[in-house]
Each structure stands twice: as structure tokens, then as C-alpha cells.
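Taken in sequence, the protein lines are chains A and B. Every position in the first sequence, counted from 1, becomes a number in this note's numbering once 503 is added. Every position in the second sequence, counted from 1, becomes a number in this note's numbering once 275 is added.
Since the hints were made in silico from the structure, they are not lab data. Hints may be right or wrong, so weigh each one.
As the list claims (entries may be wrong) - Sample of chain B residues facing chain A (criterion: CB under 8 angstroms; computed from the structure):
#1 L281
#2 A295
#3 F298
#4 P304
#5 L345
#6 R355
#7 E358
Unchecked claim - Far from chain B, by Cβ distances over 10 angstroms, these chain A residues were calculated:
#8 P525
#9 A549
#10 R563
#11 D573
#12 P626
#13 K628
#14 D640
#15 A644
#16 R658
All C-beta atoms in this analysis are idealised placements derived from N, C-alpha and C, irrespective of residue type, glycine included.
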Amino acid sequence: MSPDRISRTAPRARSIRVSPPPFQRFLDQHRDHVWRYLVAAVGRQAADDCFQETFLAALRAYPRLRPDSDLRAWVLTIAHRKAMDHHRARARAPVPVGAAPDAGAWQDAEPDGEVWARVAALPGKQRTALLLRYAGDLSHAQVAAALGCSEEAARRSAHEGLKTLRLEITP
Amino acid sequence: MTTTPLTPPTADPSDAAAAAARFAAAAAPEADVAYTVLDTPVGRVLAAGTAHGLVRLAYEDGGEDEDTILDRLAARVSPRILEAPARLDPVRRELDEYFEGRRTQFELPIDWSLVAGFGRRVLEATAAIPFGGTSTYTQVAALAGSPRGSRAAGSALGANPLPIVVPCHRVLRTGGGLGGYTGGLGRKETLLRIEGVLL
Numbered sequence: 504m505s506p507d508r509i510s511r512t513a514p515r516a517r518s519i520r521v522s523p524p525p526f527q528r529f530l531d532q533h534r535d536h537v538w539r540y541l542v543a544a545v546g547r548q549a550a551d552d553c554f555q556e557t558f559l560a561a562l563r564a565y566p567r568l569r570p571d572s573d574l575r576a577w578v579l580t581i582a583h584r585k586a587m588d589h590h591r592a593r594a595r596a597p598v599p600v601g602a603a604p605d606a607g608a609w610q611d612a613e614p615d616g617e618v619w620a621r622v623a624a625l626p627g628k629q630r631t632a633l634l635l636r637y638a639g640d641l642s643h644a645q646v647a648a649a650l651g652c653s654e655e656a657a658r659r660s661a662h663e664g665l666k667t668l669r670l671e672i673t674p
Numbered sequence: 276m277t278t279t280p281l282t283p284p285t286a287d288p289s290d291a292a293a294a295a296a297r298f299a300a301a302a303a304p305e306a307d308v309a310y311t312v313l314d315t316p317v318g319r320v321l322a323a324g325t326a327h328g329l330v331r332l333a334y335e336d337g338g339e340d341e342d343t344i345l346d347r348l349a350a351r352v353s354p355r356i357l358e359a360p361a362r363l364d365p366v367r368r369e370l371d372e373y374f375e376g377r378r379t380q381f382e383l384p385i386d387w388s389l390v391a392g393f394g395r396r397v398l399e400a401t402a403a404i405p406f407g408g409t410s411t412y413t414q415v416a417a418l419a420g421s422p423r424g425s426r427a428a429g430s431a432l433g434a435n436p437l438p439i440v441v442p443c444h445r446v447l448r449t450g451g452g453l454g455g456y457t458g459g460l461g462r463k464e465t466l467l468r469i470e471g472v473l474l
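This is chain A alone, in the form it adopts within the complex (with noise of 0.2 angstroms):
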């Protein structure tokens, strides 16, 4: 259960949503979860076109949406397919000679850029239960309905990369 389905909306959550939230509250309650996630997928410099992005998909398909979603890890799936638009985008453009790798990313961000920078290098699906479970702050079972994937398979890609992770910082 995601702790924000019982922050702002629990005093009216007895009586039955026929909707889903005004979108105006939805923007503001996962706008900061969504900023985090993308700077730490994409950079600094991309996240904003990316957060432009997920939000507008997510106002066009908002009306389809279930009342009872769990709307953080809605946005933040949306965000996911995003950031990795953008990636592919990125690499499909032409890269000057010499230009730094990809990741990057996080140069610019101080200071846990270092170690964000290395999640950006982990393997793809180690990358992103990262991401997704410690910058868009998801829970195993959530970063699990996001990819599609088991929450097993969640839990494992996490550790890995934690594990990838640690022998890489402290050798």
C-alpha cells in the first residue's frame, strides 16, 4: 500500500470515488517522486523535457484511469517508459567523437551524483528496480507492476544491483 494513498485523501477515502482525483492534487502530491526519478534516470538536463511528457500522457489517458489506481506507481510507470524513449533516442542520435559515455548523466548533480552515476551503468533491469524502488521511492511490489515483472523478480534485480553496486564503490 503506498503510504500517500493515506496522507491527504484519507478523510473523504469512506465515501465512495466515482473519479479519480482533480489532476491539479495528482500533479502536486507526485511531482516531487516523479522530478527525483527522472533526474536520477535521465539527468538534470533531459528531466524536464521527460517530466513534461509523463504528465501530459498522463492527463490524456486520466480519465480512463481506475478510481482506485495506485497513482504513484501509475506516474511513475509512465515516467519509466519516458526516460527510456529518451535513452533510446539518445541512442540512435549521432555522438560526436569523443563524447562521454552515457552515463554521464549524473555528472552534473552533486552530491550523490557518483553513486547515482553508477546506477546508470548497471545492466538494464538492475538500473531500473533501482530507479524505481530508491528514486521514484516504489515499493518492490509496485516497481513489480511497473515492469510487468514478479515481485520476486523485482527484489532480485534490486539486490543485484545493490550488490553490483557495492562491489564497484568499495572494491
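Place chain B on chain A using the hints.
For chain B alone, coordinates are given in the frame of chain A:
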């Protein structure tokens, strides 16, 4: 060495707030409902509009708080609601003119989505009462097709989703008593004073 879970990355919350503000401004035309809060001489008023027109005005300290008003709009009109002050500029302008004594008739398009049936007929009859004039619960009930429905007309007026613009403050008791007002009787008196009905 023990496992240390990753601490979340540092990200400035004001950057997130700024990104959200840019989003709300850019996506405003796509929202089904735009709203803002206006400062008026009768207090803070939440104004909400759709592509069809003004759909809701509500005194912020009235029967419902802002969250409740927006929840109801989400359920009854659309959840695609954004705070988009620029889309309410015509409402702000006409209300300013009204309170400055330069406007006696609102020309804003109205979206009647929140009212239907007898209630809507009562409010449409009320919308036709001119500036400076008054009517009674019995009269608007009769105009709405129910001469004996003054009590039901009172309920419909109490639930008016568009106070000020649909001038329910111009409906008084037969015999001249002020009757009630959802925003508080003080406001009803203020509005009637602006219109020269009360001294």
C-alpha cells in the same frame, strides 16, 4: 561491509515545483476544467470553467472547502482539472467590473452541467432578474413551472453553483424578508447594497 540501501538522489523540490508550474501553464488548453481563486470584495471565490463556459463559483469559506469543491467537479464534470488562472481572465474581468459598479449584466457563457431539471429552471428564472430588481421564492418557483414549489426553489437557490453571476441574492421572501444565502447573509446584503436595493 553491511548493505546500505541507496539514499534517494538529491533533487531540488523547487525545481519540481517549477516544472509542475510550467506543465500546468502549457497543458491548460487540454484540461477539461480550469480553475483559479479570485480575490473579491466579498472574499475569496473559486472560479472554474470548461470549454462551454463558467461552471462553478464558490465562496472559499462557504459550505465546502476547496478540495471538496474540486472533488465534486472531478466526479461530475471531469477529473482533468488544472489550476489555470489565464483561462478565467474573462470571469475575473467581469467580476471586477461588477464590483466596481461598471457592470450591471454578466455576459459570460454559462456551463449548466452541474444543475438539471427543476433546479436548473429555477436558476434560469433567477438569471433573468435584472440588476437592481428582486423576486421572491414563490415567483421563481412559478416561473420554473411549480407555483407551490417555493420551498424546493429555496433549496435549488441554496445549491446555486454560480452565485453572484446567477443572482440568487436577488430572491427574497414574500413580504420582503431577506431569506437565506449559502455564502452568509452578510454577503447577500453586500451584493444587494452594490445593486442599490438595500441602502
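Here is what the structure says about each hint:
1. Among the interface hints, the one on L281/B holds; its C-beta lies about 4 angstroms from the nearest C-beta in chain A, closer than the 8 angstroms criterion.
2. Hint status for A295/B relative to chain A: holds, with the closest Cβ pair at about 4 angstroms, below 8 angstroms.
3. Hint on F298/B holds. Least Cβ distance to chain A is approximately 5 angstroms, under the 8 angstroms limit.
4. For the restraint placing P304/B at the interface with chain A, the shortest Cβ-Cβ distance is roughly 11 angstroms, beyond the 8 angstroms limit, so the hint is violated.
5. Because the beta carbon of L345/B sits about 4 angstroms from the nearest beta carbon in chain A, less than 8 angstroms, this interface hint is met.
6. Residue-level restraint check for R355/B holds (minimum Cβ-Cβ distance to chain A is 5 angstroms; threshold 8 angstroms).
7. Because the closest C-beta pair between E358/B and chain A is about 5 angstroms apart, less than 8 angstroms, the hint holds.
8. P525/A, annotated as away from the interface, has a beta carbon of chain B within 10 angstroms; the closest lies near 4 angstroms.
9. For A549/A, the shortest C-beta to C-beta distance to chain B comes to about 12 angstroms, beyond the 10 angstroms cut-off, and the non-interface label holds.
10. Listed as outside the interface, R563/A is inconsistent with that label: its C-beta sits roughly 7 angstroms from the nearest C-beta of chain B, within the 10 angstroms cut-off.
11. Annotated as non-interface, D573/A keeps its C-beta farther than 10 angstroms from every C-beta of chain B; the closest such distance is 16 angstroms.
12. Every CB of chain B lies more than 10 angstroms from the CB of P626/A, the least distance being 16 angstroms, so the non-interface label holds.
13. Against the 10 angstroms criterion, K628/A stays outside the reach of chain B, whose nearest CB is about 16 angstroms from its own CB.
14. For D640/A, the shortest C-beta to C-beta distance to chain B comes to about 7 angstroms, within the 10 angstroms cut-off, and the non-interface label is violated.
15. The beta carbon of A644/A sits about 16 angstroms from the closest Cβ of chain B, which is more than 10 angstroms, so the claim that it is off the interface holds.
16. Look at R658/A: its CB is around 13 angstroms from the nearest CB on chain B, clear of 10 angstroms, so calling it non-interface holds up.
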